[in-house]
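**Student:** So you can see what is in the structure, the chains are spelled out below.
2 protein chains.
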Amino acid sequence: MLVQQYKDMLNRKSVIRQLSEFATERGKEIGYENVFDYSLGNPSVPTPKEFTEALIEMLKQDDPMTLHGYSPSLGITSVRETIADSLNRRFGMHYKKEHIFMTSGAAGAIAHAIRCIAGAGDEILTFAPFFPEYNPYVNLSGVELKIVPANTEDFQINFEEFEKMLSPKAAAVLINTPNNPSGIVYSTETIKRLAEVLRKKSKEYGHEIYLISDEPYREIVFEGVDAPFVSQFYENTFLCYSFSKSLSLPGERIGYIAVNPDCKDAETFVNMCGQISRGIGHNCPPSMIQLGVAKVIDMTADLSVYETNMNLLYEELIRLGFQCVKPGGTFYIFPKALEEDAVLFCEKAKKYDLILVPADTFGCPGYFRMAYCIDTDKVKRSIEALRRFVESEYGR
Amino acid sequence: MLVQQYKDMLNRKSVIRQLSEFATERGKEIGYENVFDYSLGNPSVPTPKEFTEALIEMLKQDDPMTLHGYSPSLGITSVRETIADSLNRRFGMHYKKEHIFMTSGAAGAIAHAIRCIAGAGDEILTFAPFFPEYNPYVNLSGVELKIVPANTEDFQINFEEFEKMLSPKAAAVLINTPNNPSGIVYSTETIKRLAEVLRKKSKEYGHEIYLISDEPYREIVFEGVDAPFVSQFYENTFLCYSFSKSLSLPGERIGYIAVNPDCKDAETFVNMCGQISRGIGHNCPPSMIQLGVAKVIDMTADLSVYETNMNLLYEELIRLGFQCVKPGGTFYIFPKALEEDAVLFCEKAKKYDLILVPADTFGCPGYFRMAYCIDTDKVKRSIEALRRFVESEYGR
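From first to last, the protein sequence lines stand for chains A and B. Take the working numbering: the last position of the first sequence gets the number 706, and nothing is skipped along the way. Take the working numbering: the last position of the second sequence gets the number 706, and nothing is skipped along the way.
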């Protein structure tokens, strides 16, 4: 019974939220600037001033009836065109507006993508470590989420386990690259191999296995990193995008689905999204925000701080003897804890005002996540605390 | 299979949308100003300038990280408080922020309310004539929508049929007052009687029957009309509100649920909404719009044009011999067609550039809806067309 399921969820408090609340409380005691809060994945740089100026301009100049008017159910036509054009220009694709469906962030995009291609009895596979919200996203839609164990060597895909777990029940595979929480970007080799497996198994099972590619961190990729555009490599791809991170607009809930034009029934899927919306009370992201992001479609906030922070942390973690794969993007880093139980490890860190997230809920026990979307100055100051923590607790 | 259900829906085009498209096409031939388009329920007055000014002020002054930052999953705390205070001040209630959940319009509110209290095998009853989107809202959540036939005498509730149709499967009753499409406001007597029936049957069945009160037209009530605040009369009420009509912001998707403080587990229901959101990809309405409506919480757009238009149309329809109950609010009027088949009637009206919507999909065959959210000048000009139509086709 679904009603009971929602009630039960109330008793399971999010680990991240608990840690974030602890950080806030501790901040009241010693000043929040002294709490090294690596718990939350919130952008720490402002939206480009061009976005703000575009909104002010629209509010001053445009007819309010048009500006705040109903969006067509698939999204504002000109905005869908702008997005298709931008993707084509930047990634050599051939999207048309008919392949774009506007959503309330990546969460809304994934909710629609799942309902396009899966129903009760179906399975969706994802790879550890994974964003824990995938559990409610998938399971509350009546589909089962299966977690393929992590490849802890480099956090690329564990193909051996993946092939073992694939079955005719598989309706889709859900990936997130650049990845939350590992910070890893799947390489061209990984994506090519994934596409090969999906094609082979689709043929074997006699039905398509779709790829849902969750890409909110697409624009946060560090220098020299191989970051393929996933949809180029597999025709049956639903690209799920959010402007939350690239434009630092997490609260405005704006994103889209782009269905690969080479996917069979691509345009039908987009139209289905419009029907799915009616059942889940979605009905388009806000008109003004749709129009706003279209005005700055190829821009991002100044994302360079994330790479600066990553380099500082990575070097220090390695110096302190942590096992850690160097992130290729995002604002996360994912080291192995210095004892088997990462929950205990992170609990001890709190004594040093270091707020670290154990990775058990990410499907990767023994590891922890640091979200370094904070001021570089704070990162620098946290290094002293990190040293004291490691020395005092682990004698290093 | 749900996937198939969404596909099937693609083949059933909305009557309203088809008529609206016809109006647009006809407009290209003779100028849209000459098409008397009564098809769409879109506000026709601008949002208050205070709302626009508040947004510009926030964009200029506020820290963009806060302004566009993640909203807590139940909505921005200060906004929830502002809404509770406003409802208490205006309607003598005693809501606290803990009873308010921010949603993407009334559609989002209803989607959450349904999932709080009903699951597969349950029924939700509504009264004809009804907003046809209730079909996907309810049926796609796995619950069955039952339509109680209209009381065509005054479009209040048909209690005789209602009591016959109630069964232990009833989880909730969904009402819409002021009503789309009838324009009727349920009287205090109606709401009191409804509450009595619900209390009696809840007791008899041994479980609560909830009232989901969809109130996007709450602020559009005409002079002298008895318009009770529904939640005052029944404790187990989920008030579903949207600012789309009151502030003329249909595209910005902003509304809320207010659970009656006297409802058992009221605060639990609000917390459950936060969990339901995770399953349907909702995740809060846009932060900036939440903050914006809170700044003008007790204001509305200038809604007086709707009453002016209603009076013009009502008088003319009566003069022409239509059977029609005088609307108490909204921007709809709901006369009986001049022949049995309202579809045919509306088809004939198109020859006179009158776009009227047959009420078959509203659960009330033989009637038609006119959405008079258009310029008063156009309403006046349409009267000549209405006269020609009635005279030529029906000899009156």
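Accuracy of the hints is not assured; some may be wrong.
For identical chains, the list gives no copy identity; a pair is met inside one copy or between any two copies.
[To be verified] For lysine to aspartate or glutamate, the following EDC-like pairs were computed, each having C-alpha atoms within a straight-line distance of at most 20 Å:
(1) K323 x E649
(2) K646 x D464
(3) K660 x E649
(4) K636 x D372
(5) K688 x D432
(6) K661 x E433
(7) K456 x E518
(8) K605 x E331
(9) K407 x D464
(10) K317 x E577
(11) K574 x D318
(12) K511 x E694
(13) K359 x D373
(14) K513 x E577
(15) K513 x D572
(16) K323 x E408
(17) K474 x E443
If you're looking for bench data, these hints aren't it; they were derived computationally from the structure.
**Student:** Hints first: check each against the structure and report whether it holds.
**Tutor:** Okay, the hints, checked on the actual structure:
no., hint, in the structure
1, K323 x E649, "neither (24 Å within a copy, 60 Å between copies)"
2, K646 x D464, "within (12 Å within a copy, 71 Å between copies)"
3, K660 x E649, "within (15 Å within a copy, 77 Å between copies)"
4, K636 x D372, "neither (47 Å within a copy, 36 Å between copies)"
5, K688 x D432, "neither (45 Å within a copy, 54 Å between copies)"
6, K661 x E433, "neither (42 Å within a copy, 53 Å between copies)"
7, K456 x E518, "within (18 Å within a copy, 37 Å between copies)"
8, K605 x E331, "neither (36 Å within a copy, 28 Å between copies)"
9, K407 x D464, "neither (37 Å within a copy, 46 Å between copies)"
10, K317 x E577, "between (37 Å within a copy, 12 Å between copies)"
11, K574 x D318, "between (39 Å within a copy, 17 Å between copies)"
12, K511 x E694, "neither (51 Å within a copy, 66 Å between copies)"
13, K359 x D373, "between (23 Å within a copy, 12 Å between copies)"
14, K513 x E577, "neither (22 Å within a copy, 50 Å between copies)"
15, K513 x D572, "within (17 Å within a copy, 57 Å between copies)"
16, K323 x E408, "between (40 Å within a copy, 18 Å between copies)"
17, K474 x E443, "neither (24 Å within a copy, 44 Å between copies)"
Hint compliance for this structure: hints 1, 4, 5, 6, 8, 9, 12, 14 and 17 are not met, and every other hint is.
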